[in-house]
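Participant: First to last, the protein sequences are chains A and B.
Each residue of the first sequence is one higher than the one before, starting from 1 at the first, in my numbering.
Each residue of the second sequence is one higher than the one before, starting from 1 at the first, in my numbering.
Hints should not be assumed to be uniformly reliable.
[To be verified] Residues from chain A that face chain B, not an exhaustive set, calculated with beta carbons under 8 Å: (1) Pro-48; (2) Phe-56; (3) Ala-57; (4) Pro-60; (5) Leu-61; (6) Leu-119; (7) Leu-140; (8) Leu-156; (9) Pro-159; (10) Thr-254; (11) Phe-256; (12) Leu-280; (13) Phe-283; (14) Met-288.
[To be verified] Distance windows between CB atoms, simulated: (15) B:Val-69 with A:Thr-81: 42 to 48 Å; (16) B:Trp-12 with A:Lys-238: 26 to 32 Å; (17) B:Leu-15 with A:Gln-264: 30 to 36 Å.
In short, the hints are calculated from the structure, not lab data.
Remember, it's a predicted structure, so these values are computed and weren't measured experimentally.
Heads up, the beta-carbon is just placed ideally off N, CA and C, and yes, glycines get one too.
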Amino acid sequence: MTSAGPAAIPAVPERHRAPGHGGGPASATSVRVHKQRLHLSHVLFALPALLFFLVFAILPLIGVLALSFTSWNGIGAIEFTGLTSWTDALTRETTWRGLLLVLFMIVATWLLQTPLSILLGTFLAGQQRYRNVLAVMYFLPMLLSSAAIAITFKSLLDPNFGVPAGLELEFLQQNWLGDSTLVWVALLVIIAWQFIPFHTLIYQGAVRQIPQTMYEAAQIDGAGRVRQFFSITLPQLKYTLITSSTLMVVGALTYFDIIFVLTQGGPGKSTRILPLDMYLTGFRGNEMGVASSLAVILVVIGLGLALGVQRLGGKSSSASQLEGA
Amino acid sequence: MKRNWIGGAFGWIWLVIALLPIYFVAITSLKSINTYFGSNPALPSPVVAVENFVAVLEADFTMYLLNSVLVALGTVIPLVAMAFMASFSIVRSGHRFFGPVRSLFLLGLAIPVQATIVPIYLLIIRMHMYDSLVALMLPGIAFGLPLSVLIIANALRDVPKELFEAMDIDGCTEWQKMWRLALPICQPAIVTVAVYQALMSWNGFLFPLILTQSPDKRTLPLALWSFQGEYATNVPVVMAAVILSSIPIIVLYAFGRRYLVSGMTAGSSK
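Looking at chain B on its own, in the form it has when it is part of the complex (with noise of 0.2 Å):
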């Protein structure tokens, strides 16, 4: 077969169009403010500074890192429980009850999520939960369940029924049949939504800034934002922000990358 020579260039091209930003963030953030104002923005220093991390660490980095992470763990875990029973019930039930109940949920996948900050806004203040990080986790939760819900039924629906079958022979429950049957099967879907869902929740933006107001509450995306205002002559300063802030989903992208993509790429390949 002849080889393809456009592709591999066009490939090799992108691959340096989609570094080049990486590259800039990581030379700059190694530079002192010296440095950086004195060399050539494109090279990478010869002196190596960690100044900048430190800087980062000492501005409060680690609370903001723990709001996101209890944030993220808030919302996930209560977001893929419910939406795994949530799908069992959906594919389990052969009732007519069940049928608006999934169309609902699809019809979630369209609703913009922005145009609902106004009311979200509303409601979280009613519910005297405004500037509290559960007033994060609530919207995350629901605009959450939709492709959850999703992607769970779909793996549902592949169990042979045979399998259930032969658990009501034995007289186990609907519960029992949902955890030591459904739960292990689809224990790779319920781990694609878990992970991907911590994605959405890690770097979401719009909630945090509509819904917090104390700095004690900032996750990062939005720590990153003011300390951007606040730095904002110290650009080595906040490129080592925005490389500590990365490195929890980077690490995470490392170790659920298959889970990661096919989360992503769910209900849209094929």
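Isolated chain A, as found in the complex (with noise of 0.2 Å):
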């Protein structure tokens, strides 16, 4: 839900075919499927999950556009005012540095972790026996909890009782939770050390299934390993690059959190990204009114990017990447 990327896979695919029949022609299939009646029983099995579906996240992404245009302190009543949290929240300067702290979260943690998972992939998609357990426990971060990574790696950099400090490396002797600009090198690596297995594993998956033959004819072609990977492996791994991708994004909007645990939005306002501000600013500022216009940011960014970057990978692909599930 709020960790690993899965739960934001973006984008409706249209699916061509008619449900309920795998393959055949599309047309034949469809004209049948249109005379279907209806089964009750099929309405019945269904709506258990409709429902809750539709009260429990339907209704609160709704609801949180109308509550956009009321105030609330989270415990008395809720009173329309109409656009009065919403010239709060656009005029605040944390909401404007927590959206331009958010979007350099998404391009840091994308550049960062893109090419390191690629390789990572790469090397671990290799059929020696090794591989499958240096798999098993690089896969290990994935399990914590983003509270308990938090408060490990709170402990680690501490500056006086911290792995640093026990090495005895300079460099790496510093403050690094309680300076501006080292935090953000200490969350992007941290963050990196949480998802990096993670989309390591669907590069791996990818390049599995890259047929041996394309590597085989290279090789009798006189290509080296480097040149192997930059016109086979890169390119076949194009549509993996799109999901990854568009995980990433959508899910650096929900890194909450890690950084709450661990900076709390710190030192100063340094890390307090828009989705930290929201939850601040609704639940410790009582400005319920006005994190929901806060929300509806998120919402409309995530969904942008989300498209933004199907769309860079062009349309039919992104719906043969969910076809293919």
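Hints given; two lone chains; assemble the complex.
Facilitator: The structure is reproduced here in structure tokens:
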């Protein structure tokens, strides 16, 4: 939900074949499909899931838009106040800073994680047995909760009693979480530590699906390892790159728990990204209306980014990605 | 074939990076508080202290553990049941009604959960369920549905339709087809969904943070966080708590690695 990515696969693929009839000529099946009557039992089976989803996911999504035009302190009555929450939200300096920080974080996490994940994924895709053993250990960080990870790194980076102090390396002995620039270095590394395993996993799966014959042909042509990587592996990973990037970009919007536990937005407001600002405004500052306005901005950015990345990679590719799930 | 030295070196370097923090947690949790302040933080202490684990267990750890287990079970069991039944209808019914239903669940994949916390908080308060474990299950189920439906529906789509037609000839109802045919065939997909959603529930921080208040309703991640506040200076105890809270999920990983991994990459590999 909040940590690993799959909770955020965007875009609604158009499935051209009729539901319920895997394969087969689309036209032939769809003719028959439209004649099918609606089974009452099918509706009843789907009803619990549908109701749950409407009440606890779709209703809140609409609710957040409605609440952004109100003023509510979290306890008392909810009052309709028109655009007041929006003007408040848009005129606060922290909103714009939070927005810039979250955009910076998206770009920086992408630049750091994508090349490393591709390299590691390619490495792990090899068939040697020891690589499977390595993979098991690579994926351990993926299992830990963000709270546990944040708490671990807080102690690990402690200027006096942390690992840098123990290693006695001058350049590592910094107040990593107390400096407004260094804190971002630390955060990006910690987030990479947590999420690179997941993206590595995606790339590993994708590399294993590249036909071996392509590499054999390249070898006959005398292409070396590096050449093979750039002219076969990378181009073949195009669609995976789009999927992984989408998850990374949309996921970055929700890196809330780790920052919340690690820095609470500090030092100062240097790590107060928009999602954290939204939480603090609503649940600490008791301005639920303003928080809702910020949440609407988040939804718009999330959908915009997801669609943007998909568009970059071409529409058909995103559809085929989800089709093949 | 030539050996891939660059890839190999990089692979081993990453192994060190991945394991270093875990190593730090492990060695620190076994230090007494005095050793912690006096010894080299990067090296294990020669004297093993188990007192930190005892302290964690005495600090209501079992209650938080029980809360986490209850929330995970209360989320995953209804979630999987509902997702399976909905997927069955989406895949088996050819009626137009289910097109939009399918699209609605897919749309759910793009909703940033975090953006809905204010209305969910309001909803839970109005339902008089604030500060209860059930309050944590409800949104967990709802936001788990899209991916679960996607994975199970894809598995169901691969079931040859001749099998369903054979059951038609035998005069079976849709209900019987669902439980006798679809369920056994989709079992791997269902286990994948269950293991993955259990992990999500276990590590969830946001909903416990906004929907509960009393210490006796805390789940493990939230308990860890408040524990860190209470024991700010006693790092070894906090590290022991990190280890104890992660053990159940690491056991789950050991048994369900294949399912967990396929759950995580569902919808993204290929």
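Participant: Could you run down the list of hints and mark each one as holding or not?
Facilitator: Quick rundown of the hints versus the structure:
no.	hint	result
1	Pro-48	holds (5 Å)
2	Phe-56	holds (3 Å)
3	Ala-57	holds (4 Å)
4	Pro-60	holds (4 Å)
5	Leu-61	holds (6 Å)
6	Leu-119	holds (6 Å)
7	Leu-140	holds (6 Å)
8	Leu-156	holds (5 Å)
9	Pro-159	violated (11 Å)
10	Thr-254	holds (5 Å)
11	Phe-256	holds (6 Å)
12	Leu-280	violated (12 Å)
13	Phe-283	holds (6 Å)
14	Met-288	holds (5 Å)
15	B:Val-69 with A:Thr-81: 42 to 48 Å	holds (43 Å)
16	B:Trp-12 with A:Lys-238: 26 to 32 Å	holds (29 Å)
17	B:Leu-15 with A:Gln-264: 30 to 36 Å	holds (32 Å)
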